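K.L.:
Sequence:
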Amino acid sequence: MRAVQLAVFIALVVVIVVMLYRARGRPVRRPAALRDELVKDPVCQTYVVRARAVTRAGLDGPVYFCSAECARRYTAETRG
Numbered sequence: 008m009r010a011v012q013l014a015v016f017i018a019l020v021v022v023i024v025v026m027l028y029r030a031r032g033r034p035v036r037r038p039a040a041l042r043d044e045l046v047k048d049p050v051c052q053t054y055v056v057r058a059r060a061v062t063r064a065g066l067d068g069p070v071y072f073c074s075a076e077c078a079r080r081y082t083a084e085t086r087g
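Note that the sequence shown covers residues 8 to 87 in our numbering.
There's no promise every hint is true.
Distance windows between CB atoms, simulated [said to hold, decoys possible]:
id : residue 1 : residue 2 : range
1  : Ala58     : Leu19     : 39 to 45 Å
2  : Leu45     : Ala75     : 14 to 20 Å
3  : Thr82     : Asp43     : 25 to 31 Å
These are calculated hints, taken from the structure and not from any lab test. Small disclaimer: the values here were computed from a predicted structure and weren't measured. Every residue gets a Cβ at the ideal spot worked out from N, C-alpha and C, and that includes glycine.
Using the sequences and the hints, build the whole thing.
P.N.:
Take a look at the structure:
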């Protein structure tokens, strides 16, 4: 009986080790909806993919722009 318990324990340990080995190194994938989320440029009203947007810090969090030129215009307008 003790040998059976030991065999079951060893089998469980092997299964867990194999699962952990296979899982390591796999990148965590975000859903496509989060990767490709569109954000609106407050200057020219253009929508741009967030991953490609130019970002500046705003009062309420990040502000996204389609280009560095729009980011510059926004900064100039808000400062004066």
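K.L.:
All hints are to be evaluated individually against the structure, with a verdict given for each.
P.N.:
Tested hints:
A hinted range of 39 to 45 Å for the beta carbons of Ala58 and Leu19 is consistent with their spacing of about 42 Å. The hinted range of 14 to 20 Å is satisfied by Leu45 and Ala75, whose Cβ atoms lie roughly 19 Å apart. The hinted window of 25 to 31 Å between Thr82 and Asp43 holds, with their beta carbons roughly 27 Å apart.
Hint compliance for this structure: no hint is broken.
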